[in-house]
Amino acid sequence: MTTAASRLAVDVRGLRKRYGPVPAVDGVDLAVRHGEIFGILGPNGAGKSTTVEILQGHRTRDEGEVSVLGADPATADRAWRARVGIVWQDESAPAELTVRETVSHFAGYYPRPRPVRDVIALVGLQEKADSRIKALSGGQRRRLDVALGIIGGPCLLLLDEPTTGFDPAARRQFWDVVRRLAGEGTTVVLTTHYLQEAEALADRLVVIAAGRVVAEGDPAGLRRRYGSEARVEWTDPDGTPREIRTTTPTRTVAELMSRFGGEIPGLKVGRPSLEDVYLRLTGQEDER
Amino acid sequence: MTTTPTRGTPRSAPAERLPGAWSVGWQQGALEVKQFFRQREQGVFTFAFPVVLLFLFASIFKDDVAGAGVTASQLYVAAMIGAGIMSISFQSLGIAIAMERDEHVLRRLRGTPMPPTAYFLGKVWLVLVTGVLETAVLLAVGATVFDLDLPTSPEKWLTFAWIFVLGLTGCALLGVAVSSVPRSGRSASSVVVLPFLVLQFISGVYIAIDTVPDWMLTLGALFPLKWMCQGFRGVFLPESAQVLEQAGSWEYGRIALVLSAWCVGGLVLCLGTFRWKSRRDG
Chain A
64 MTTAASRLAV
74 DVRGLRKRYG
84 PVPAVDGVDL
94 AVRHGEIFGI
104 LGPNGAGKST
114 TVEILQGHRT
124 RDEGEVSVLG
134 ADPATADRAW
144 RARVGIVWQD
154 ESAPAELTVR
164 ETVSHFAGYY
174 PRPRPVRDVI
184 ALVGLQEKAD
194 SRIKALSGGQ
204 RRRLDVALGI
214 IGGPCLLLLD
224 EPTTGFDPAA
234 RRQFWDVVRR
244 LAGEGTTVVL
254 TTHYLQEAEA
264 LADRLVVIAA
274 GRVVAEGDPA
284 GLRRRYGSEA
294 RVEWTDPDGT
304 PREIRTTTPT
314 RTVAELMSRF
324 GGEIPGLKVG
334 RPSLEDVYLR
344 LTGQEDER
Chain B
182 MTTTPTRGTP
192 RSAPAERLPG
202 AWSVGWQQGA
212 LEVKQFFRQR
222 EQGVFTFAFP
232 VVLLFLFASI
242 FKDDVAGAGV
252 TASQLYVAAM
262 IGAGIMSISF
272 QSLGIAIAME
282 RDEHVLRRLR
292 GTPMPPTAYF
302 LGKVWLVLVT
312 GVLETAVLLA
322 VGATVFDLDL
332 PTSPEKWLTF
342 AWIFVLGLTG
352 CALLGVAVSS
362 VPRSGRSASS
372 VVVLPFLVLQ
382 FISGVYIAID
392 TVPDWMLTLG
402 ALFPLKWMCQ
412 GFRGVFLPES
422 AQVLEQAGSW
432 EYGRIALVLS
442 AWCVGGLVLC
452 LGTFRWKSRR
462 DG
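Protein sequence lines, in the order shown, are assigned to chains A and B. Each residue of the first sequence is one higher than the one before, counting from 64 in this note's numbering. Each residue of the second sequence is one higher than the one before, counting from 182 in this note's numbering.
Keep in mind that the hints are not guaranteed to be accurate.
Claimed, not checked - As a list, the in silico DSS-like pairs of lysine-lysine whose alpha-carbon atoms are at most 27 Å apart: (1) K215(B) / K458(B); (2) K458(B) / K197(A); (3) K215(B) / K337(B); (4) K197(A) / K337(B).
Just so you know, the hints here were simulated from the structure itself, not pulled from any lab data.
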């Protein structure tokens with residue numbers, strides 16, 4: 064039987080969750096295909112974490128249909144948990160144990176764990192394998208969290224703001240780990256408030272603001288769709304800077320050329336960056 | 182009824198068996214014990230507390246108790262073994278689990294296919310190991326410093342064993358239940374320690390049972406601690422000391438009844454109230 068739920072790794076429709084009178088998630092739809100890296104991008108407080116926690120089965124929802132690997136996370140069983148890997152936003156690994164002890168202990172929870180040594184190597188902690196967790200740096204602990212999320216060999220990995228607090232080098236290493244996992248066929252859902260991260264990793268993404276999906280697509284498509292207007296800037300003979308937005312910048316430049324009879328003073332033609340698009344979509348444009 | 186295989190469909194239906202609660206619980210217990218002994222500060226203080234109190238009380242009040250054929254010191258050894266077991270189980274678990282909940286350790290475990298029972302089994306193993314050690318230390322101090330006569334008859338040790346197991350289990354379950362009361366890990370120790378301290382007074386741990394007012398004893402008799410201490414007095418004191426008891430005898434039958442009731446009641450309480458997440462993670 065081929066149902067919509069079995070064709071999608073994550074299928075969410077009309078999801079709503081409010082905390083008191085405040086809606087945190089206000090009618091979100093998500094469709095994540097098997098094997099892709101799916102980004103949920105949005106500013107802090109947009110409802111990303113609430114959404115992912117509902118997918119994890121750790122938060123109740125008020126309304127909506129949620130199917131994760133064909134089951135409702137709210138009532139899912141142990142077999143389901145064995146197929147879903149979770150990397151939490153805040154780390155909580157036992158400080159007094161070593162990396163190897165912790166990873167091999169977690170391996171014991173799963174029916175078919177990945178080899179402990181491979182997982183430690185995959186997240187780049189070989190040299191720290193016998194260090195106590197309390198002696199690890201923030202970035203190393205985060206990589207341990209990823210190790211604990213993937214030790215069970217999950218079909219689906221849910222990452223909630225995995226690189227918050229990373230330095231740029233650690234972030235790039237982390238991205239490599241996620242790409243490697245996706246290369247092996249793991250479906251990845253990741254929330255982030257770093258546009259760069261969504262652009263670097265996600266095959267497809269949604270932009271969430273104030274609990275709603277405001278845009279959806281692949282990164283290049285988003286830029287095309289929401290960034291088709293170019294901005295043409297120049298300086299008038301009296302010295303006033305001028306600027307117009309147009310979908311036909313070449314024509315504008317041609318007109319200006321004939322008006323100025325050659326060189327256009329202060330000419331600048333620009334396409335909005337994905338960042339401009341993102342800030343406009345999430346209503347943060349003025350805060351720049 | 183055909184399914185088209187698409188890229189990266191779920192690897193397989195997990196036909197294989199998930200690890201069982203007993204084996205995971207055993208591993209969980211080994212890990213708990215390892216962690217306990219690596220947190221040296223916690224280990225030393227948890228162990229030292231009943232020993233230090235025993236030393237203080239039994240040294241300050243050491244006279245013969247009139248007409249009972251025992252010294253006050255001997256009474257304190259029996260009482261402190263009971264209190265030591267409750268501190269290892271009720272107090273330690275109540276605080277530790279509240280903190281694990283607050284620090285999202287429980288939430289993380291809940292996100293794995295770990296059978297929930299395995300977590301509790303792990304705690305039982307931890308409490309059993311630390312409880313045996315604590316009791317051994319208290320008995321050693323009692324026998325060497327305070328003239329406690331260790332019983333020689335197997336029946337007495339058998340009595341000791343069942344009181345130990347039932348008392349430890351009941352108090353451990355109560356500790357698991359009480360861990361859900363504090364709002365945060367930080368407030369856990371105050372929330373757990375105060376009732377435990379009061380209970381020790383009204384169960385005749387710090388003050389000899391024949392000087393505690395009757396209404397307090399009646400209140401204390403609702404909880405397991407009074408019965409554990411009473412049973413240990415029965416095991417370690419001469420028969421002549423029965424006159425000090427409220428009922429004038431050791432009441433083993435009633436001890437078994439109350440402690441078993443707490444094991445069952447505590448289990449029901451745990452199953453009904455246990456939370457894997459803190460309140461703000463609703």
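A quick look at each hint next to the structure:
Simply put, K215(B) and K458(B) have alpha-carbon atoms about 24 Å apart, close enough for the 27 Å limit, and the pair holds. Between the alpha carbons of K458(B) and K197(A) the distance comes to roughly 23 Å, so the proposed pair stays at or under 27 Å and holds. Taking the CA atoms of K215(B) and K337(B), the gap is near 32 Å; set against the 27 Å cutoff, the hint is violated. This hinted pair does not check out: K197(A) and K337(B) have alpha carbons roughly 46 Å apart, beyond 27 Å.
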